[in-house]
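Asks: Take 144 as the starting number for the sequence shown in my numbering and just add one per residue.
No wet-lab data here; the hints were simulated from the structure. Some hints could be false.
List of simulated lysine to aspartate or glutamate pairs, EDC-like, C-alpha gap at most 20 angstroms [stated by the list, open to error]:
(1) K294 x E389
(2) K294 x E269
(3) K180 x E389
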Amino acid sequence: MNRRTFWGFTLPSVGVMLVLMVFPLVTTLWFSLHRLKIDEIKDGGATWIGLDNYRELLSDEQFWAAFRFTLLFVAVTVPLHMIIGLGVSLLLDKVTKGRAIYMAALLLPFIVTPVVGTVIYKDLFERGGLIFWLYEVITDSPFAVTAGNVKWLIIIQSVWHVMPFSMITFFAGLQTLPAERSEAAAIDGANYWRNLWHVVLPHLRVLLLFVALISIMDAYRVYDSVFVFAGDRFTEAHTLQVYNVEQVLDPNIGRLGKGYAIAVLNIAGIFVVLIPFLYKSYKDQIAERT
């Protein structure tokens with residue numbers, strides 16, 4: 144391929160990336176260094192304040208509370224739904240009759256939009272809901288969503304919603320696993336768990352990394368399910384995205400500049416969290432080439 148043909152194929156993609164990624168990122172960084180409110184947009188009232196938005200954020204306890212819950216949310220939901228998804232996919236791989244029915248039923252939580260799924264899930268704990276009724280029958284006291292359990296209820300709902308993504312991805316990977324490998328391991332005396340550890344998981348290594356990367360990015364920026372379940376009542380259960388929207392759209396706050404600063408910190412945080420996974424992916428690719 145000559146240089147002219149190479150640039151003919153490359154330049155359109157580079158142009159799209161510059162327009163859709165680099166330009167918004169530079170704009171976000173620029174406005175994060177200004178004081179700008181919603182009601183001042185028409186007047187062009189952006190005032191240069193340097194790093195004041197960042198200083199204000201880093202001294203805001205609500206920001207750190209949202210940051211801590213976001214990290215907790217990522218650290219719990221991602222491994223949990225991957226482990227459950229792997230277990231369910233292994234069970235489905237052994238099923239021969241009715242597999243399509245089971246898979247369709249298991250995919251329902253992922254098909255339903257997060258807002259609708261969260262509303263349905265939330266109704267279970269309201270008066271008249273199934274879990275509320277069962278709890279009252281067993282303990283003889285009404286169930287109440289409190290600041291102590293709301294975070295875990297949100298995490299459980301997220302695992303329930305996202306688990307089908309892991310399940311269907313790992314199940315697809317299991318269909319490409321040659322039966323001869325497991326049969327050879329069985330002949331060598333490997334039990335189920337040894338076969339899983341030394342044959343199945345290495346075969347799914349790329350998919351495990353892929354699901355982990357996608358899940359971390361999605362979990363780090365979760366908004367809709369947290370907003371629906373926690374609302375304004377449980378601010379201690381707000382994630383960074385909920386906190387960001389509150390800072391930008393609240394009529395008493397309306398700080399667009401501060402919102403841009405939160406977005407910049409979010410991007411930096413996602414990169415920091417993803418670095419180990421990206422490094423592992425890079426090493427695996429180098430190992431495969433050599």
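Asks: Please name the hints from earlier in the document that this structure breaks, with their numbers sorted from lowest to highest.
Replies: The structure conflicts with no hint, since it agrees with every one listed earlier.
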